[in-house]
Amino acid sequence: MFFRKLFGRKKAKTSRADRGMLLFDHTSDVIQAENILKAEGWTIKVMGPPPEIQRGCDLVVEFPLMEQMRILETLKSAKVHPVDVVPVTGPLLSPVDLFHTKDFGEYLMVRAANMKITIEKKSRMIVNISGGGCPDVPFLADQLTGKILEDAPQPREIGHTLCGYALQLAYEEIKRQCL
Amino acid sequence: MLVIAGTVPDLNFPLVTGPARLEGDSLKVGDHLIPVLRGTPALVAAAIRTAEVVGDQSPHVILAGDTGRGGGSRLVYRHIVENAQSFAGTTLTFHYLQPDVDWHNRILMALDALSLQPVRIADAGFMYAAKMSGYAASYDLFTPDVGELAFLADEKAPHPFYTRGFILHQDQNAPELIERAYAHDNAARYLLVKGAVDMFASGEKIHWRIDSPGCEVMEAMGGTGDTITGMASALIASGIDMEKGCHMAALANRHAGMLTSPTPATQVAEIVRAIPQALASLQKG
Chain X
8 MFFRKLFGRK KAKTSRADRG MLLFDHTSDV IQAENILKAE GWTIKVMGPP
58 PEIQRGCDLV VEFPLMEQMR ILETLKSAKV HPVDVVPVTG PLLSPVDLFH
108 TKDFGEYLMV RAANMKITIE KKSRMIVNIS GGGCPDVPFL ADQLTGKILE
158 DAPQPREIGH TLCGYALQLA YEEIKRQCL
Chain S
9 MLVIAGTVPD LNFPLVTGPA RLEGDSLKVG DHLIPVLRGT PALVAAAIRT
59 AEVVGDQSPH VILAGDTGRG GGSRLVYRHI VENAQSFAGT TLTFHYLQPD
109 VDWHNRILMA LDALSLQPVR IADAGFMYAA KMSGYAASYD LFTPDVGELA
159 FLADEKAPHP FYTRGFILHQ DQNAPELIER AYAHDNAARY LLVKGAVDMF
209 ASGEKIHWRI DSPGCEVMEA MGGTGDTITG MASALIASGI DMEKGCHMAA
259 LANRHAGMLT SPTPATQVAE IVRAIPQALA SLQKG
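Which chain is which? The protein sequence lines are X and S, in order.
Adding 7 to a residue's 1-based position in the first sequence gives its number in our numbering.
Adding 8 to a residue's 1-based position in the second sequence gives its number in our numbering.
For the record, the hints were derived by calculation from the structure and aren't laboratory data.
A few of these clues could be false.
In silico lysine to aspartate or glutamate, DMTMM-like type, Cα no more than 20 Å apart, as pairs [what the hints assert, rightly or not]: (1) K109/X with D193/S; (2) K164/S with E180/X; (3) K128/X with D219/S; (4) K109/X with E212/S; (5) K129/X with D158/X; (6) K182/X with E69/X; (7) K36/S with E278/S; (8) K164/S with E59/X; (9) K109/X with E59/X.
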C-alpha cells in the first residue's frame, strides 16, 4: 500500500498530461506571449516542439492545460494570437542552458548555443555580436553594437527567431556577470 | 559563376538580383547600396574582393530584406525555385535565410531536376534547414563554426539552440563531432569547420587543419566566418579545387585578421579591406 502510494505520487509528478502547447506563427509571437504570461504570473515554459510539428526556428509555450481558457483570454486581450493549442503528449526539447565565457582582458565574451556577445569591460559597451544563422542576427547586431549594455534594447524585444532567443540568454548572462 | 543567396537586415529592402560590386565599404547591386557590417553582405564583399584577386567575374546575388520574420527569405526561396534553370552549372552559396524545411525541399527538388548540377554550398540558416530536412548529404560543402558543428553532430537537434548539453560540451573535440555528423548523414560531402583550428573534412578523414597564424580574438568578431565562406565560394567558383579553395580561404582569413591588428571590438569591414593583401601574400608564398 505504501509503495503503491509512493509510485502513484511519483507517476503523477512526472506526467505531462496536464500540460498544453501554444503554437504560434513566429518566434517573436512566442517571445511576446512569454513576456505577457510571465508578467501575469502564469507558470509557463518556452520549449521546443516535438518533431511532428517542427517547421523551422520553432518554439512553443508550454502551459498548464487546466488554465487554457484564462490564458487564451489574457493573450487575446494583448492581441497575441496562437495558431493552435494542443496537449503535450511526449517530451519537448529543452533549450540550451549552458554558457561559455571567455575573458579577453579588456573584453568579455559570453556564448549561449550558437550566439556570442562581447563587451568592453570598462565601458560595458557591446562591441560585437557573432554567430547564429537566422536573419535577425545581423539586425540584432546592428541594433546592439556600440550601445552600453544596460541601455541596449533586449534581444527578446526586437528579435524573432531562436538565434535571437539564444542571444537574449547570452545577453542576460553577460549582464548577470557584469552589472 | 558564383551565385549568393541571402538576406540583408532591412525590412524594407526588396528582392534584388544581379551582379554585386563594392563602393567603399558598401555593396552596390543595381541602384541599391548595402552597408557591409556582417552577415550576407560581408560574405558577398569577401567574395567580390577574392574574385578581383583571381581575375574572376563578380558574384551574382539574390538578396531580400529580412529581420527575422521570414518574409524576405521566402522571396529569395521563391525566386530560386522559379528560376532554377538559370543556376545550372553555377556555384550556388546559400547563407542567412530563415530556416524553412518546406522551402528548402522545394529548392532541392528544383535543383535536382537540372541536367548540369550547381556546386551547392550552405552556411548559416540555410545550412540549418538543410540539416533539419534530412538532405544534408545533397550538399557539396557546409561551413559550420564549432557550435554549429555540434548542432550537425546532434541528430535530434532541429536548431543549434537545442543542441544537447552532452554534445555541446564536446565542442573542443571537433574530430569526434565530425565523425558523429557523418555517421548520422547530417553533413555535406565536405565540411569546412571554422574555429581556433580550421579543419577540412569528408566522411573518410580530416584532410587538413590550420591553427596559425593564431588570432584568438577573431572568435568574438561578427562576420569573420562569413568572410571565410565568401572567399571559399569565390575560389571554388573560379575553378580551384574545393579542398585547396577552402584551405586558401581559411589561411587568407587568418592573414587578413592579423593585418588589422584586431581586438574583440574590430569590425569585419576591416577584414574585408585586408583580403586582397592577404590573398596576394598567399599567392607569393
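Hint check:
| no. | hint | result |
| --- | --- | --- |
| 1 | K109/X with D193/S | violated (32 Å) |
| 2 | K164/S with E180/X | violated (26 Å) |
| 3 | K128/X with D219/S | violated (28 Å) |
| 4 | K109/X with E212/S | violated (33 Å) |
| 5 | K129/X with D158/X | holds (15 Å) |
| 6 | K182/X with E69/X | violated (27 Å) |
| 7 | K36/S with E278/S | holds (18 Å) |
| 8 | K164/S with E59/X | holds (13 Å) |
| 9 | K109/X with E59/X | violated (37 Å) |
Checked against the numbered hints given earlier, this structure breaks hints 1, 2, 3, 4, 6 and 9; the rest are met.
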